[in-house]
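Taken in order, these protein sequences are the chains called X and R. Using the UniProt record's numbering, the letters of the first sequence correspond one by one to residues 1 to 281. Using the UniProt record's numbering, the letters of the second sequence correspond one by one to residues 1 to 281.
Fair warning: there could be bad hints in the mix.
Because identical chains share one entry, a pair is satisfied inside a single copy or across any pair of copies.
Mimicking DSSO-like on lysine-lysine, the simulated pairs with C-alpha atoms at most 30 Å apart in a straight line are [what the hints assert, rightly or not]:
hint, residue 1, residue 2
1, Lys161, Lys233
2, Lys161, Lys144
3, Lys269, Lys44
4, Lys44, Lys278
5, Lys44, Lys161
6, Lys278, Lys233
7, Lys161, Lys278
8, Lys269, Lys233
Since the hints were derived computationally from the structure, they do not count as laboratory data. Model, not experiment: these values are computed from the prediction.
Chain by chain, the residues:
Number of protein chains: 2
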Amino acid sequence: MTILIAHLGPAGTYAEDAAIACRAWLESTSGLSSELRPYSSIPKTLRATESGETQLSVVPVENSIEGSVTTTLDTLWQMNSLQIQRAIVLPIDHALISRAPDLASLQTVYAHPQALAQCQGWLERMLPEVRLIPASSNAEALHKLEQEPQSGAIASRRAAKLYNLPVLSYPINDYPDNCTRFWVLGVTPSPGGTHTSLAFSVPANIPGALVTPLQVFATRNLNLSRIESRPSKRSLGDYVFFIDIEASADDPTVQQALQELTQHTETLKLLGSYSIAKVTC
Amino acid sequence: MTILIAHLGPAGTYAEDAAIACRAWLESTSGLSSELRPYSSIPKTLRATESGETQLSVVPVENSIEGSVTTTLDTLWQMNSLQIQRAIVLPIDHALISRAPDLASLQTVYAHPQALAQCQGWLERMLPEVRLIPASSNAEALHKLEQEPQSGAIASRRAAKLYNLPVLSYPINDYPDNCTRFWVLGVTPSPGGTHTSLAFSVPANIPGALVTPLQVFATRNLNLSRIESRPSKRSLGDYVFFIDIEASADDPTVQQALQELTQHTETLKLLGSYSIAKVTC
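Okay, chain X solo, but in the shape it has when bound (with noise of 0.2 Å):
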């Protein structure tokens, strides 16, 4: 059986090296075999999962600088039946590709906003003079040097080699230790686990609505690694809340306070409990 894992697509974003990861991990673990699946964007990758169209999802979820990845969060918050299996940890280290003879023949950079923050120390140091324009992924930028020789994209290496691309400058991320969270989701359940992930909403408009849910975790002496607060899209002020509890779901603490918490919030839903990997690319 090959197993089919979406990602937000096309060919050489960060989503597919993170995928590729995800494919190594599942055949040294469980000798199964995968093929990727690109999709056009992050709820269309999770429905595809949701829905039978692939057995797993691989979606950002947080960078290191530019912080939460709210669509996947806000998508997430949304659905019922996906759980993390598994988090992967991808090194994200920028390249400048470009066919131009070198960085004083460049006029014009394209790349996808979260790339340009991430350059943009190294940008205004190195290429003053240059129009920086928004692409809407890096695949996008990398096609815009096919007709313009004097235009510059911001990707991966990985990416350039697979356009076929040379790569003028490497690395030019502004902070050396950039990293990108990425989920693993498919339909069952994965057990054990060293971190658990949960979102829930609380009554509104009650004192201390927000406080007494954390307690509940403080009292134990869980460890909170994340909490992240979303609107809930009804009123400003009415939050729904993700937070990454570093134990597993199956451990007798984690699960009375997850008892406890069914009390003091409105909806609660457990993402998945689950392991981190860290690659190298």
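Could you slot chain R onto chain X? The hints should help.
Then chain R, alone, in the frame of chain X:
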């Protein structure tokens, strides 16, 4: 003396609407007259006040649908001298603006990505065949209409009036309760108010580092109306927290909490104590 108010420009943005509300507030409370000064980005707007070029800045902090304006939070964390004077909550009602005679004639719609996201459902339902093109601001989208009478732009009704363009449909946002919260910032602390905002980082890699600061407020029954985490940009999993407390910084309980908080945080910044004004356009 005329007070200068910096805001994200150009003319016709929602940030200008908030700056107009700020000008009205200044006139009604202190009789001071003021003038608006548009800037091309949020960091430039805030730096104008930090450097003394303007006395106040008006910047968006949070939208009820899209969530935090992360550029505002990240820029304020890097600054030291700005204090919130007031919060302004502005209803965001988008209009479809075009010289085309009817919806059926439209081929393209230009809008800021946030406006496109906030009207996604309406656009899919009413204009399924139309090309949606992101613009860097509402004003840029409106400028496109000069050369393209078969195109539309999404902006406020005030912007349509300002650019002398007809409104084809209003309101077109998917969620009726669409609001954006703005902060008015200046260099002098403003006394009193009903809310206090602060930002802090916690010592890295200490279990429970996130929970302890929150308990400081919970044990005093101080309600947090909002908590937002932003990456510290040092490493994945290392955050800066932004918290809004529903009490004045003058309140002795808040002062005790702030005192205790210094023991559990690495860097602690009081962003200001202020009241919230809801405006109608």
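Results for each hint:
| no. | hint | in the structure |
| --- | --- | --- |
| 1 | Lys161 x Lys233 | between (42 Å within a copy, 29 Å between copies) |
| 2 | Lys161 x Lys144 | within (16 Å within a copy, 37 Å between copies) |
| 3 | Lys269 x Lys44 | within (21 Å within a copy, 41 Å between copies) |
| 4 | Lys44 x Lys278 | within (26 Å within a copy, 37 Å between copies) |
| 5 | Lys44 x Lys161 | within (27 Å within a copy, 38 Å between copies) |
| 6 | Lys278 x Lys233 | between (34 Å within a copy, 18 Å between copies) |
| 7 | Lys161 x Lys278 | within (23 Å within a copy, 54 Å between copies) |
| 8 | Lys269 x Lys233 | both (17 Å within a copy, 29 Å between copies) |
The earlier numbered hints are all upheld by this structure, with none contradicted.
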